[in-house]
Amino acid sequence: MEEICAKFVSQKISKTRWRPVPLGSLQTAETFATGSWDNEENHVSLWSIGDFGNLDSDGGFEGDHQLLCDIGHHGDVMDLQFFDQERIVAASSTGYVTIFLHHPNNQTLSVNQQWTTAHYHTGPGSPSYSSAPCTGIVCNNPEIVTVGEDGRINLFRADHKEAVRTIDNADSSTLHAVTFLRTPEILTVNSIGQLKIWDFRQQGNEPSQILSLTGDRVPLHCVDRHPNQQHVVATGGQDGMLSIWDVRQGTMPVSLLKAHEAEMWEVHFHPSNPDHLFTCSEDGSLWHWDASTDVPEKSSLFHQGGRTSTFLSHSISNQANVHQSLISSWLTDPAKDRIEITSLLPNRTLSVNSLDVLGPCLVCGTDAEAIYVTRQLFS
Amino acid sequence: MEELDGEPTVTLIPGVNSKKKQMCFDWGPGEMLVCETSFNKKEQPEMVPNCPFIYIIRKDIDIYSKILRKLFNESHGIFVGLQRIEEELTGKSRKAQLVRVSKNYRSVIRACMEEMHQVAIAAKDPVSGRQLSSQVSILSAMELIWNLCEILFIEVAPAGPLLLHLLDWVRLHVCEVDSLSADVLGSENPSKHDNFWNLPGNTQTLTELELKWQHWHEECERHLQDGTFAASPHLESLCKIMLGDEAALLEHKELLSNWYHFLVTRLLYSHPTVKPIDLHFYAQSSLDLFLGGESSPEPLDNILMAAFEFDIHQVIKECSIALSNWWFVAHLTDLLDHCKLLQSHNLYFGSNMREFLLLEYASGLFAHHSLWQLGVDYFDYCPELGRVSLELHIERIPLNTEQKALKVLRICEQRQMTEQVRSICKILAMKAVRNNRLGSALSWSIRAKDAAFATLVSDRFLRDYCERGCFSDLDLIDNLGPAMMLSDRLTFLGKYREFHRLYGEKRFVDAASLLLSLMTSQIAPRSFWMTLLTDALPLLEQKQVIFSAEQTYELMRCLEDLTSERPEHGEPDAQQLQDDDIETTKVEMLRLALARNLAGAILREGSLEGS
Chain Z
13 MEEICAKFVS QKISKTRWRP VPLGSLQTAE TFATGSWDNE ENHVSLWSIG DFGNLDSDGG
73 FEGDHQLLCD IGHHGDVMDL QFFDQERIVA ASSTGYVTIF LHHPNNQTLS VNQQWTTAHY
133 HTGPGSPSYS SAPCTGIVCN NPEIVTVGED GRINLFRADH KEAVRTIDNA DSSTLHAVTF
193 LRTPEILTVN SIGQLKIWDF RQQGNEPSQI LSLTGDRVPL HCVDRHPNQQ HVVATGGQDG
253 MLSIWDVRQG TMPVSLLKAH EAEMWEVHFH PSNPDHLFTC SEDGSLWHWD ASTDVPEKSS
313 LFHQGGRTST FLSHSISNQA NVHQSLISSW LTDPAKDRIE ITSLLPNRTL SVNSLDVLGP
373 CLVCGTDAEA IYVTRQLFS
Chain L
843 MEELDGEPTV TLIPGVNSKK KQMCFDWGPG EMLVCETSFN KKEQPEMVPN CPFIYIIRKD
903 IDIYSKILRK LFNESHGIFV GLQRIEEELT GKSRKAQLVR VSKNYRSVIR ACMEEMHQVA
963 IAAKDPVSGR QLSSQVSILS AMELIWNLCE ILFIEVAPAG PLLLHLLDWV RLHVCEVDSL
1023 SADVLGSENP SKHDNFWNLP GNTQTLTELE LKWQHWHEEC ERHLQDGTFA ASPHLESLCK
1083 IMLGDEAALL EHKELLSNWY HFLVTRLLYS HPTVKPIDLH FYAQSSLDLF LGGESSPEPL
1143 DNILMAAFEF DIHQVIKECS IALSNWWFVA HLTDLLDHCK LLQSHNLYFG SNMREFLLLE
1203 YASGLFAHHS LWQLGVDYFD YCPELGRVSL ELHIERIPLN TEQKALKVLR ICEQRQMTEQ
1263 VRSICKILAM KAVRNNRLGS ALSWSIRAKD AAFATLVSDR FLRDYCERGC FSDLDLIDNL
1323 GPAMMLSDRL TFLGKYREFH RLYGEKRFVD AASLLLSLMT SQIAPRSFWM TLLTDALPLL
1383 EQKQVIFSAE QTYELMRCLE DLTSERPEHG EPDAQQLQDD DIETTKVEML RLALARNLAG
1443 AILREGSLEG S
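From first to last, the protein sequence lines stand for chains Z and L. Residue numbers for the first sequence follow our numbering, beginning at 13 and rising by one. Residue numbers for the second sequence follow our numbering, beginning at 843 and rising by one.
Be aware that a few hints might be false.
Each computed DSBU-like pair below joins lysine-lysine, with the alpha-carbon atoms no more than 35 Å apart [said to hold, decoys possible]: (1) K19(Z) <-> K1182(L); (2) K945(L) <-> K1182(L); (3) K19(Z) <-> K945(L); (4) K966(L) <-> K945(L); (5) K937(L) <-> K19(Z); (6) K1095(L) <-> K270(Z); (7) K1159(L) <-> K270(Z); (8) K1273(L) <-> K173(Z); (9) K901(L) <-> K966(L); (10) K1159(L) <-> K19(Z); (11) K1291(L) <-> K1268(L); (12) K966(L) <-> K19(Z); (13) K1246(L) <-> K173(Z); (14) K901(L) <-> K19(Z); (15) K19(Z) <-> K908(L); (16) K1246(L) <-> K19(Z); (17) K270(Z) <-> K1337(L); (18) K1268(L) <-> K270(Z); (19) K19(Z) <-> K1337(L); (20) K1182(L) <-> K1095(L); (21) K908(L) <-> K270(Z).
Distance ranges between label pairs, derived from CB positions [stated by the list, open to error]: (22) N51(Z) <-> K1159(L): 28 to 36 Å; (23) G135(Z) <-> Q1386(L): 48 to 56 Å; (24) S60(Z) <-> E1237(L): 37 to 45 Å; (25) H115(Z) <-> F867(L): 41 to 49 Å; (26) Q1386(L) <-> M264(Z): 36 to 44 Å; (27) P154(Z) <-> G1346(L): 36 to 44 Å; (28) D76(Z) <-> S982(L): 20 to 28 Å; (29) S982(L) <-> N51(Z): 51 to 59 Å; (30) F192(Z) <-> L1316(L): 56 to 64 Å; (31) K1291(L) <-> G216(Z): 48 to 56 Å; (32) N51(Z) <-> R1368(L): 47 to 55 Å; (33) S1265(L) <-> Q215(Z): 52 to 60 Å; (34) R1399(L) <-> P196(Z): 52 to 60 Å; (35) H115(Z) <-> P894(L): 34 to 42 Å.
If you want a taste of the chain Z side facing chain L, the calculated C-beta under 8 Å gives, among others [to be verified]: (36) S22; (37) K24; (38) D50; (39) N51; (40) H55.
Hints were generated in silico from the structure; no laboratory data involved. Treat the numbers as computed from the prediction; the structure is a model and nothing was measured. Glycine included, each C-beta is placed from N, C-alpha and C at the ideal position.
So that you can see chain L by itself, here it is in the shape it has in the complex (with noise of 0.2 Å):
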């Protein structure tokens, strides 16, 4: 475990006495939660708290800049870009490819670097421009290591190319160098240089430049000895510069901002066909002679020189100390990942570092109320630990309009997360039935093909035909359509609707077949059958004979089968007797109404039969 460097930051809580009341607290995904507890540091507790309000405690606030938003969709949508051109990436192309990735990032943080620059001058309150110009500064520390990174392990530059590279590394970074190449450039042989880096498309070999290197360097030296420059210091201290005079380039310290800047220039004067592997040892002896004993490295040296040694995981593990949120860390990785370069060796937990990273920055996404759905695609490309997570995640999404809803429930349909949409679409729809949306209710339910849920309201809706004696939102249950097949009580109230509209319509032969099949086929609940008897009691007290005799034998044994189940009461209260009551006298008529159409119906059959 490492040490900590420094002190930790203090927070203060407003409106809560610290220094005489205790606070308890309980973390979260990425934030904390922090209130004032009754209890005193000194008596005993108090009952009335003074501070009545919760603190919400965020470590990460880059992810509600204004600014940074930006930074997060747009290299969002270059990660998702890189993630799915994986398969094509092969050979000669790759490299080329990556390099274009990584160009883009770096133009996604200086498109915002500069943005932020141009608020962080405007801005009227010097707090906050104050604030501005350093997340400014942190932008631009990201873009240098970037930068480097891209140079170094991405472009993967061999000895030549490699110091242009780092030229126009160090220029793009250091403005003053401008007018120091300008002063330098300007004196002797330039053309000598011009020539000499004749830029890509050079066919000279790595040894050929060397040997002309080598031709100027012994000519300038020459010079020097010969005192051709004696007149003049300030061209003999020209001259030394240009032979890589290390003791020459710090006098005029002043004019380089920094270590790595001393570095590149050195190693255009001495040793401009370096290797990458020899880095280090210029880096670091550069790095000891600008700070001169004076001052330490702080964490942006030690990253850089981290890269120079090539060691990229301790790369990655200075950045992820330094900087406050993992986007950095996360992308960076997932791009060195892409090239190859990081060996699988497995954190204790069963995921690789690049996973880690990932996981850790689509969390922290997922604390954010908006850019949770940028989350998503971040989890998708974590084989091992991204489904459980997003499963996780996905459910405690607060949602507050059905629009949200819906796309929360998209986002599991494609994933085949079954489990989730289930539970998302009862929470809606149980929502719904309390808010009496019957028709949301049970449009949520065939989404989940929720036979349960289906079946509780198609029940609301039959309790609500009891209560009422008609039925409530006649548009949803006249045009259920297939949904019907969803649960059996769901199509028992359909069929039920619909042989009330038969009847309406005074087709009664086909509103009795109906009547009837609804009992036989036992779709029809039980506590319903008394309802439905009764409702054929019309129907059997009609004129002519609707029931045909076998029909009404079946009603007979339906209603034989629902007296016979009659349970014993105990002690018969007055309701109970006035309901049975009433009860014998409705069994009472269909026995009667029964017996009459059953001799009604062999009449007809019997005569029927006979002409």
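Excised from the complex, chain Z in its bound form (with noise of 0.2 Å):
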């Protein structure tokens, strides 16, 4: 079983992601960033979980996650992501969009870039100026995409002071989450439950496609793309339901998985073991789903892992057609190759905001102004 380790850091954590670790090396993960919500003064924070060299007796790791270094944040930390491994861009309730920058020989951070009005409801122009929260960003260095609640998404470049391109009213409700698909084209999610794929290489403010669940349009929360199949994507609602997609077929999802009570706020696939997705949600749980193949058939398998769910499976796209090796688990019939879920947080607590997951290690952080960091995942 994993262990879990949780530190109370006495504010709340609206997002928690691990620093990416150098292509082709052989480390772990090491470093995370955590980004703080709903205080008079907000903070992005730096976090070690200190070195391999302290083994205790059962061969686990000592000690928990220790501050390295934070800095003051202007509005609520509504979304963070590392553009390297010195720079991590965060999306602020102010509409500010900012690019910290990590000193690892004095441990301190200092703002290397901010656009300020990246998201608005009306304009730097107008006298009656006000500011719309910017709710999503995605990463790819040179190029940061950034959506909000103004249903506007925006494309910088690092260094450029001038957004690159800006789609107003790509959206007419608040667009929640972004993600790339392939390089050119980026997928949004919005609070009237659609998908939206944009191509940034057509000049039109139209989407290239829409994709949306028939029946109640539930506000769809979070977005993530499969790490090597790049159209097929999951997706996580207001009423805790996973949706797993495949963008080259159809408008609809191809399952629906019933997850959680409340709102999922964001959903993982691991970014080395894809078949392993990670959900955390408003209910205070975060769950590990497990759709490896190589596991026997068990009998009574929503039994254990500590956790029984029920779901109701909608496969819809044909799949006949399609060869079998190229099928990812996630796209087959859930019903026929079982999936296993797990609950990783011992005790039930106030909402799991954010989660990141990187080789064996997770980090999450909740509204009981706790983190918890487990590096051994899938022991």
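Dock chain one against chain two, each of which comes alone in its own frame, and use the hints as you go.
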């Protein structure tokens, strides 16, 4: 069973992100960044999970995570992404987008670049200027895409003062999250339950494709793309439902899985083991979804892993034409291939707002002002 | 009403000259607003205030301490856990579980204390260092009191083990006792000591213990009287101590840090099998002897004394007065209530003491910009007034982002507070409409099932259409789904857009019947009928006949309905005359087109029937 280590940090955590490890290196995750929200003074902080030299008697790692440095942040931290090894991009509820630079020699953070009018309802030119929260960012060095409550999509480039491209009124509702599909294409989710694909190569302000659930227009809060298969996307909604989509096929999801009892805030495919998916929710739980098929069939799989779950499976796409070896475990009918679901947090807590996975390490932050870290996800 | 036994503290408001100007104030739930007035104490009121600021004064500054926040969060988890396992607590294990909960609370206090101590030592600024140190001693006092309450009220240790617990209690809190006990225990008969206190699992009964102790005590006395230690005054005084001689103990007062240390030492040597109900006699006399009339008891002493007297209410009352924050009394009282120790005497405003303290604590949390989320759970477990308090507080939380609003709404929905959901969604929808985010506005009205607001949003769309001639936000209108049923106007909007789509796809017959149904089914607003009829024109003027005779009759009826309603104008002005002209032209064109269509339809239907 995973050993999970909790620490109370006196601030409600809205986002946690592992610092990426250099490609090809044998290192595992060591440092993570967090953003806080709902404080009079919010912070973006960097934490270290200790060195590998300290092994305790069980062979586990000693000590909890320690604060390396932090910096004040204007407004709630709505989203956080590592741009590269030293730079972190933060989205603010004041409509600012800021790049912070980490100086490892003296362990400080400083503001590297800031776009102060990234998101707004009425523009900076007018007397009744009102800013809008920026709700999501995604980075692909050197580009940064941001979306906000104003329904606007911005494409920024580091070291460029103005946005490279802006799509005003891309959506009449709030855009909650964004991710890259293939590099010139992004996918956004909004609060009327639609996925929209935008192609930056095209000039217009219209999405190239719109997908949505039929039935109630449940707002979608998070989205993540499968690391290897760029057409497979997972979304989480306000009703706690997890949906897996194949954007090449049709406008409806491939499967719908009833997951949490309240809003699902984040969904992540594991970057190196994409048969594993992680979700966290307002209901205070964090789930690990294991769809790997090398596990022998189990008869009462839903009662293992400490959490029972019912799901309604809704397989719509016609799999007959697709070569068997190319099917991702997520696209096949879940009733045939079993998914094992485990709840990772020991007690029910207040909302788990964010999580991130890298290698065998997982970090998550909650509204109970606690950060949980585990270094043994798959043991 | 209790008399205050101290002078109230004075807080100076910076920037306001209180000698010259008057101040006005207003109370909030946990804070006070103060500002300068334009009244001058002596002369007439001046128009210009010197100090332009409004000040917020908070009594409870603890809640803003970074380290104490951890205390609030961790104890919240313990509190909720305790309420949840309440139903499962039965029988023998109940006491053990409650003791465990109490120990959890105490370990959280200790952790906080240690962290604060570290920060106090490392503080560069002496003022904050002193502040932190005094905070540490307050926490230490809290843990001391809680620990004693745990021993006396929760553990309910009987005579025998009682003294052991008290020994641990004193040892934990008084560092110097280690050196003293080493001293005394290093004396004669240490082995007798060790054997004597054969710890938990001890099968000796109280009487056996008493007998053994009595025997040992008499042996000591004999030694003393025989003058065995006459040669060494040190050893003699040690022997006296072991006999529990108070005078001898008091001679070494400097080694005893306080009166309860004195009490426990005394009991150890003179009455080790003391019964809980006799404790307060010894406590009172220990206090008196120790203070020796030189100083008066401090608040902490009074609290501990009340505990020894098993007067729980007095303990809680004194703690409430002495401490600046409700945290301690709220959690301790709740735990004691679970031990079924509090009589349910009702306070005159209808709830019991536990609930009163929890409500006060939770209200204090709601005054904090961030800790309000913890307060929700505390209100949940106040059966009488918790729900209404929550309803009042939750509507007043400032919502600056949608994500925060969603969390607040989730809290309300989980507790079926539909009124609050409605009102919050309405505020958010209004904000969205003002910012021209019609999709968001619709999304909020759907969540609140607010048909009236959905109608408002649809009217906005229709108005935009009339002004611009095209729909904005097609992505929304085209994909309304079942939400369309929320309000008639919304349904109309969706169907109207569908009509345009059908027309664009050249499916004229379908478009025509849809258009007609929009008018006949009464979901189209009257004001829109003219627009709908005008939309029918191109269909009427197509080469082939689209509307059947029946349908044409219907259309004509609608037109007549519309024109017959035209109100009589008073004095028509130029603009109105012009409008009237346009109207009349439109109506005439429609009549002509309808008539032609009717002719064509009758012909077509007539010939079809014939063949």
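These are the hints, each one checked on the structure:
1. Proposed proximity of K19(Z) and K1182(L) is supported: the alpha carbons are some 33 Å apart, at most 35 Å.
2. Distance restraint check for K945(L) and K1182(L): the Cα-Cα separation of roughly 18 Å lies within the 35 Å cut-off, and the hinted pair is therefore satisfied.
3. The suggested pairing of K19(Z) with K945(L) holds, with an alpha-carbon distance near 19 Å, which does not exceed 35 Å.
4. About 34 Å separates the Cα atoms of K966(L) and K945(L), which keeps this hinted pair within 35 Å; it holds.
5. Between K937(L) and K19(Z), the direct Cα distance comes to roughly 29 Å. Compliance with the 35 Å bound is thereby established for this hinted pair.
6. A hinted pair counts as satisfied when its Cα atoms are at most 35 Å apart, and K1095(L) with K270(Z) does not qualify at roughly 69 Å.
7. This hinted pair does not check out: K1159(L) and K270(Z) have alpha carbons roughly 50 Å apart, beyond 35 Å.
8. The hinted pair formed by K1273(L) and K173(Z) meets the criterion: a straight-line CA distance of about 30 Å does not exceed 35 Å.
9. A distance of roughly 26 Å separates the Cα atoms of K901(L) and K966(L); the hinted pair therefore holds under the 35 Å criterion.
10. For the suggested pair K1159(L) and K19(Z), the alpha carbons sit about 34 Å apart, so the restraint of at most 35 Å is met.
11. Annotation: proposed proximity of K1291(L) to K1268(L) holds, straight-line Cα distance about 10 Å (limit 35 Å).
12. This hinted pair checks out: K966(L) and K19(Z) have alpha carbons roughly 26 Å apart, not beyond 35 Å.
13. Note on K1246(L) and K173(Z): the hinted pairing holds, with a Cα-Cα distance of about 30 Å set against a maximum of 35 Å.
14. Straight-line distance between C-alpha atoms of K901(L) and K19(Z) comes to about 29 Å, which keeps the hinted pair within the 35 Å bound.
15. Between K19(Z) and K908(L), the direct Cα distance comes to roughly 14 Å. Compliance with the 35 Å bound is thereby established for this hinted pair.
16. A threshold of 35 Å between alpha carbons decides the hint, and for K1246(L) with K19(Z) the separation of about 23 Å falls inside it, so the pair holds.
17. The hinted pair formed by K270(Z) and K1337(L) meets the criterion: a straight-line CA distance of about 32 Å does not exceed 35 Å.
18. Between K1268(L) and K270(Z) the alpha-carbon distance is near 29 Å, which keeps this suggested pair within the 35 Å criterion.
19. This hinted pair does not check out: K19(Z) and K1337(L) have alpha carbons roughly 55 Å apart, beyond 35 Å.
20. Restraint check: the Cα-Cα separation between K1182(L) and K1095(L) comes to about 39 Å, which exceeds 35 Å; the hinted pair is violated.
21. As the CA atoms of K908(L) and K270(Z) are separated by approximately 38 Å, the hinted pair breaks the 35 Å bound.
22. At about 35 Å, the beta-carbon gap between N51(Z) and K1159(L) stays in the expected band of 28 to 36 Å.
23. Checking the proposed 48 to 56 Å range against G135(Z) and Q1386(L) shows it holds: the Cβ atoms sit about 50 Å from each other.
24. For S60(Z) and E1237(L), the hinted distance range of 37 to 45 Å is satisfied, since their beta carbons lie about 42 Å from each other.
25. Between H115(Z) and F867(L) the beta carbon distance is about 47 Å. The supplied range of 41 to 49 Å therefore holds.
26. The supplied range of 36 to 44 Å is met by Q1386(L) and M264(Z), whose beta-carbon atoms lie about 37 Å from each other.
27. For P154(Z) paired with G1346(L), a C-beta distance near 42 Å keeps the hint of 36 to 44 Å intact.
28. One distance hint, 20 to 28 Å for the beta-carbon pair D76(Z) and S982(L), holds here, with the actual separation near 24 Å.
29. Taking 51 to 59 Å as the suggested C-beta distance range, the pair S982(L) and N51(Z) does not conform, at roughly 28 Å.
30. Against the hinted window of 56 to 64 Å, the Cβ-Cβ separation of F192(Z) and L1316(L) comes to about 26 Å, which falls outside the hint.
31. As the Cβ distance of K1291(L) to G216(Z) is approximately 36 Å, the hint placing it in 48 to 56 Å is violated.
32. Take N51(Z) and R1368(L): their Cβ atoms lie about 53 Å apart, and the range 47 to 55 Å holds.
33. Distance hint check for S1265(L) and Q215(Z): the Cβ-Cβ separation is about 44 Å, which falls outside the suggested range of 52 to 60 Å.
34. For R1399(L) and P196(Z), the hinted distance range of 52 to 60 Å is satisfied, since their beta carbons lie about 56 Å from each other.
35. Between H115(Z) and P894(L) the Cβ separation comes to about 41 Å, which falls inside the hinted range of 34 to 42 Å.
36. Look at S22(Z): its Cβ gets to within about 4 Å of chain L, closer than 8 Å, so that hint holds up.
37. This hint holds: K24(Z) has a C-beta 6 Å from the nearest C-beta of chain L, less than the 8 Å allowed.
38. For the restraint placing D50(Z) at the interface with chain L, the shortest Cβ-Cβ distance is roughly 5 Å, inside the 8 Å limit, so the hint holds.
39. Taking 8 Å as the C-beta cut-off, the interface hint given for N51(Z) holds, the closest approach to chain L being about 6 Å.
40. Annotation: interface hint on H55(Z) violated; nearest CB of chain L at approximately 11 Å, more than 8 Å.
Checked against the numbered hints above, the structure breaks hints 6, 7, 19, 20, 21, 29, 30, 31, 33 and 40 and satisfies the rest.
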